[in-house]
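Q: Given next are the chains, with one letter for each unit.
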Amino acid sequence: MAASIRLLARRIVRDASRTINSSVSGRIVSSSCPSNLSACRCFSDGAADKSTHFGFETVSEGEKAERVYKVFESVAPKYDVMNDAMSLGVHRLWKDMLLHVMNPQPGICLLDVAGGTGDISFRFLDYVRSQQERVARRTARANQTPSWQEISTSYTTPTEGIEMETEARESRAVVCDINKEMLKVGKQKAESMGISSGLSWVVGDAEELPFDDDQFDVYTIAFGIRNVTHIDLALQEAVRVLKPGGRFMCLEFSKVTNPLLARLYDAYSFQMIPVLGEVIAGDWKSYQYLVESIRKFPDQETFKQMIEDAGLFSVRYHNLTGGVVALHSGFKL
Amino acid sequence: MAALLRGLRVGRALRGFGSVVVPKTSSPQCNGLRRGFHCAALRLQEDKDKSIPVPPSSAASSTTTYHEHYRAPPSKNNTATYMHEAPAPEAAASEAAAKEAPQPNTSYADQSGEQGEEYETEEQLQAHILNAALDFVQLHGWTLEAISAGAETLGLSAASSGMFQNGAGDLVLHFIAQCNAQLTEQMAEQHNQVQLGQAEPKKTAEFLRDAVETRLRMLMPYIDNWPQAMSILLLPHNIPDSLKHLSTLVDDIWYYAGDRSTDVSRPSQPKYPSPHVFLTPFHQAPHTIRPASAKLNWYTKRAALTGIYNTTELVMIQDSSEDFQDTWNFLENRIQDIVNMAGAAKQVASTGEAVAQGLMGAAVTLKNLTGINQRR
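Protein chains in written order, with my numbering: chain H, 1 to 333; chain L, 1001 to 1376.
Since the hints were made in silico from the structure, they are not lab data.
Even glycine gets a Cβ: it sits at the ideal position worked out from N, Cα and C.
One or more of the hints may lead you astray.
If you want the ones that stay clear, here's a sample from chain L, every Cβ over 10 Å from chain H, calculated [to be verified]: (1) Ala1205; (2) Gln1325; (3) Gly1371; (4) Ile1372.
Simulated coverage check for chain L against chain H, where a stretch passes if three residues somewhere in it have a Cβ under 8 Å from a Cβ of chain H [claimed, not checked]: (5) 1142 to 1148; (6) 1151 to 1157.
The whole structure should be built from the sequences, with the hints applied where relevant.
A: Structure below.
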């Protein structure tokens, strides 16, 4: 009893010093509490002992993060092409749906975690800018036929009145990814599209975000959360960095409900996708991992429960394409 | 950079270990505590800029139940409103947990029921957001932007307007429910006063006119955007709800006008306080005619009042007279029409009876004259 306490104390001291001094980005602090909620972060170096799944393999947790990193490092250049090939372009519709459900108002700050090549952020900026244009057009049209009240007020208050309505609040998007290669690809895309303002690229781990509390209005993670070793930690980080009233949105592959569609989907996933991966990107194993990790991810209801456990409210999900993809949304209230 | 932040957070966490009050054993409790903290922050903010009078009867429950005739006295019983909320297990758990959570800052809490209420369920928080959003309707119209602006005044992010899946429809329906609840309260108050003998009972026509006028006056601050609200209410997915609100409004008005017809059984019947039956000559006569028409009478009364209400509303939105005087004149005329028609219907019925009897007599006389009646 005393020996184990001493051992624990030594571990705590060692880990505390190691955490402060080292700069290992993939270092995971896992909890040894039996419940899934590691609200109090007990320090242990059990990262090497606990095992998790990497596709259908079982690996240690430390190893998983490394292997995921390598997977995305290798697929980064061909990531977008492969997305289009594998989903026959439907992934664009899924991402559009995410934006449509989000319905961002101008002036909102978005954090796009595992944003990689920046698809969500580009769409977000487009959406907000077109909304601002629409509002500007509407006010311009309204000003063309002002009511007599507006005319009289504009006489009394010369400069205010009409300009006050269109307070152009700049919306920002921050793309955060653990993988530098993916961010590089994203930055190149941004340059080629000519988007310069309102976008920033940050390297960070979803389980330990390099941001302060209460920063963002919307947190999105599209097709990234199944690669995170500790999903509950990522959810807690999401709750931490969201402002009160902020929204968490997650787009992820999920369980197909229709049995016939499920059979077709399985056949397509396991037969076609790795082959496509080999042919287009020259990487069979990464896409094998992708397909297997989809199967390992919890289903819609379980994930909804996990989101509620993390402290988000009003959690809902929409099934897209018959359950192939699920869009979960929750609020920090 | 990440390491530095991590270090700071480690330091904070180590310090935090010493001051953790409750070991977070179960997640619902954890939610409740966190909610309690957020709600404390929200409440402090709201109490600071509380200038709009929130209707003491929690408007949240009016979105889920449409009949609220029996209202708990506004002073204490917050527990009564809890019973109305949908018993989702999560909500119940967070309720229970938040009740145990330490109540912060009693200096802000009044003894009146309004400021004693807590945001314990999502419905209540949504109701608060919608109340705050009503201030922005003049600026943004009945839209999601108004809801976002309302959320921001409560200290929440604008993204929380995503909670309202029906968007502007939620805002309009909430507003209507609130207005109806206020009207019902006023009518119940008047009714109590009459029962206590402090006020004179009004004649039906006058009562109807006052009720409709009171209800329409609640629209006056939003009258510029009201056409937009009406069009939102006419959207197909909103029609069932808006019809329900309208029908309960009309029903309540007739109830307090004295219509106690029991020929149509309604489940909410027993909840009504049992008063003296308010029978005015306007009501008594129809009941003495054949029973079948009494049932028709219930429907015709409500249909008539619905027609009056809708047409008056339409007149109001394009009325530009001083204090909407034209609208009230129109209302007066319509109610007079109904009264006249009811009187005319009575007269026609009695005349018809008299005519029928006369014809019967004439037929018998004719039969006597021609000798058909005699037995041979």
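Q: Each hint: holds or not?
A: Here is how each hint holds up against the structure:
no.	hint	in the structure
1	Ala1205	holds, 37 Å
2	Gln1325	holds, 21 Å
3	Gly1371	holds, 85 Å
4	Ile1372	holds, 81 Å
5	1142 to 1148	holds (count 3)
6	1151 to 1157	holds (count 5)
Hint check: no violations occur; every hint is consistent with the structure.
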